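Q: Hints in hand, dock the two standalone chains.
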Amino acid sequence: MNLVEGWYAVAIADDIEPGTSAGTRLFDRELVVWRDLAGVSHVWEDRCPHRGMRLSFGFVRGNHIACLYHGWAYDTAGQCRAIPAHPDLAVPETIKVATYHSAEASGLILVHSSLGAEAPPPPAPAPTGRALRSLYVDLAPDVVAERLLRDFTALDDGSYAGTLAGAPVLVFLQPFTATRTGLHLVLAGPGDSVAVSAAAEALRNAFEASSAPALEAAE
Amino acid sequence: MRTRVEMVFLGDFEPESFAEFMRHRAGRLSVSAVAGRIDATRVDVAVEGEPDLVDMFEMACSLGPIDCLVREAYRQGQGR
Chain A
0 MNLVEGWYAV
10 AIADDIEPGT
20 SAGTRLFDRE
30 LVVWRDLAGV
40 SHVWEDRCPH
50 RGMRLSFGFV
60 RGNHIACLYH
70 GWAYDTAGQC
80 RAIPAHPDLA
90 VPETIKVATY
100 HSAEASGLIL
110 VHSSLGAEAP
120 PPPAPAPTGR
130 ALRSLYVDLA
140 PDVVAERLLR
150 DFTALDDGSY
160 AGTLAGAPVL
170 VFLQPFTATR
180 TGLHLVLAGP
190 GDSVAVSAAA
200 EALRNAFEAS
210 SAPALEAAE
Chain B
0 MRTRVEMVFL
10 GDFEPESFAE
20 FMRHRAGRLS
30 VSAVAGRIDA
40 TRVDVAVEGE
50 PDLVDMFEMA
60 CSLGPIDCLV
70 REAYRQGQGR
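So the protein sequences, as listed, match chains A and B. Taking numbering that gives the first Met the number 0, I'd label the letters of the first sequence as residues 0 to 218. Taking numbering that gives the first Met the number 0, I'd label the letters of the second sequence as residues 0 to 79.
Hints are computed from structural coordinates only; laboratory data are not their basis. As the structure is a prediction and not an experimental result, all values here were calculated from the model. If a hint is listed, it holds; no wrong ones were tucked in.
Straight-line alpha carbon distances no greater than 20 Å define the calculated DMTMM-like cross-link-like pairs of lysine to aspartate or glutamate that follow: (1) A/LYS95 to B/ASP51; (2) A/LYS95 to A/ASP35; (3) A/LYS95 to A/GLU29; (4) A/LYS95 to A/GLU117; (5) A/LYS95 to A/ASP74; (6) A/LYS95 to B/GLU49; (7) A/LYS95 to A/GLU44; (8) A/LYS95 to B/ASP54.
Each pair of labels, with its calculated beta carbon distance range: (9) B/LEU9 to A/GLY38: 51 to 59 Å; (10) B/ASP38 to A/THR75: 42 to 50 Å; (11) A/ASP74 to B/HIS23: 17 to 25 Å; (12) A/GLU29 to B/ASP38: 29 to 37 Å; (13) A/PHE56 to B/HIS23: 20 to 28 Å.
All C-beta atoms, glycine included, are put in the ideal place defined by N, C-alpha and C.
Chain B extracted, bound-state conformation (with noise of 0.2 Å):
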């Protein structure tokens, strides 16, 4: 069974930064990840595959990589 999210993250983040960390941590999941909108204030993504690992991948963007910081992270529809 997969799953298909919209995932939100606001905070401050250095774009590229966050956009590698996305990629990489995609990758390991097995998760694809296309993101959309992705700036110093919010990163919006849309990511698909098995909800586990979907949920890993959430995880893992709430904490992000050092010179981000994630101070809300929530999926679209599902409320804040």
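Chain A extracted, bound-state conformation (with noise of 0.2 Å):
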């Protein structure tokens, strides 16, 4: 299993609410998800282009987000507006964060792995979808791919649709780091999801037990 460029899932929604920030990482590089006070979602490098201090430390006023450290200010294009210490200085379009694209499908808030110009559109949300909850497996993307591919179908938008406790899911898998991969769950039907969550969290032990002789073994 191969994992290249596209679109990821890298958090619920619901769980970046208005006003707040959340780092997280995609193939090891780390980002910031926020959302401004209108409740657009946004994805960046997470990193302040001053000093390097991780923006999901920061605080959003309105439709910015401040970094902690000297209050650098930057607007949802990414662009800083606001230096505190030198507050009459027309702020030069070359301090800007590096911004990802993004999207909300599902419940969920996906970003394109690239930092290009353009990013083909994202995944259609699902018809009666509802995220449920994130879980993160100590094992690696690809393995966490395959294991997947044993009991759910791979779709076309990266997704994996199955099911747990007898209702129909969707899980989008998260490259976290080479060693962590983020599943995100989506009810994609009726069910219980208390019982749905119980078996993600069944099936990610699951994983993780199955790899821990061959990792003893390699040790």
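A: If you want it as structure tokens, here you go:
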């Protein structure tokens, strides 16, 4: 299984409330996911151009996010608009955060893994999808993808369709790092969300347990 | 308003590393930085731009990249 450039889920949309931010990773790149007070979500490189502080530690004010360190404030395009220590300065356009293409679908925040000027359209939302929870597995993303394929069907949008606790689910895989994988679970039809959540937890535990002997043998 | 200053940094330098650091910071801050002398102990650079941004460039270079150590920084004509 070779995970390629494309759209990946990085958070459950409802978990990022307006005015908040959170850090995550995709292919080991650090990202900030934040939502402005107008309700629009953004996914950027998690690094202030000034001193490299994580913007996920910053403050959202209106439609700006400000760095915790020195308060440099960035608009929704990633452009720095204010430097508190130099209030009269016309901030040059070169002071800008690298931004990713992002979208929301099926109750998830999705990001395109490339930093290019354009990205293909994001996956269409599941007709009846409801994001349920996120789990993180201490295994390589390609290993988790192969495990999922034993019981789930890979769809064109990159998700995996199957059933948990008798309910239809979609699983969106997030290549977090080389050794850690996020799984974002969407309930795609009627089902007991508590039972589905427990089944997903059991699935995660099974993935990690089945890899343990191999790891010990390797050591 | 733009200003032009001649900056001098003294210390222990990896010349290529410091030069790349200056290029990156100058681009980020929209100032022009034309290096004169760059060697293992001294860097001379002419910087032009908005005064606040020139100050930021000086501060950034005073910290420098991880493999360089700036021991002293001053501007030509303003004494050490």
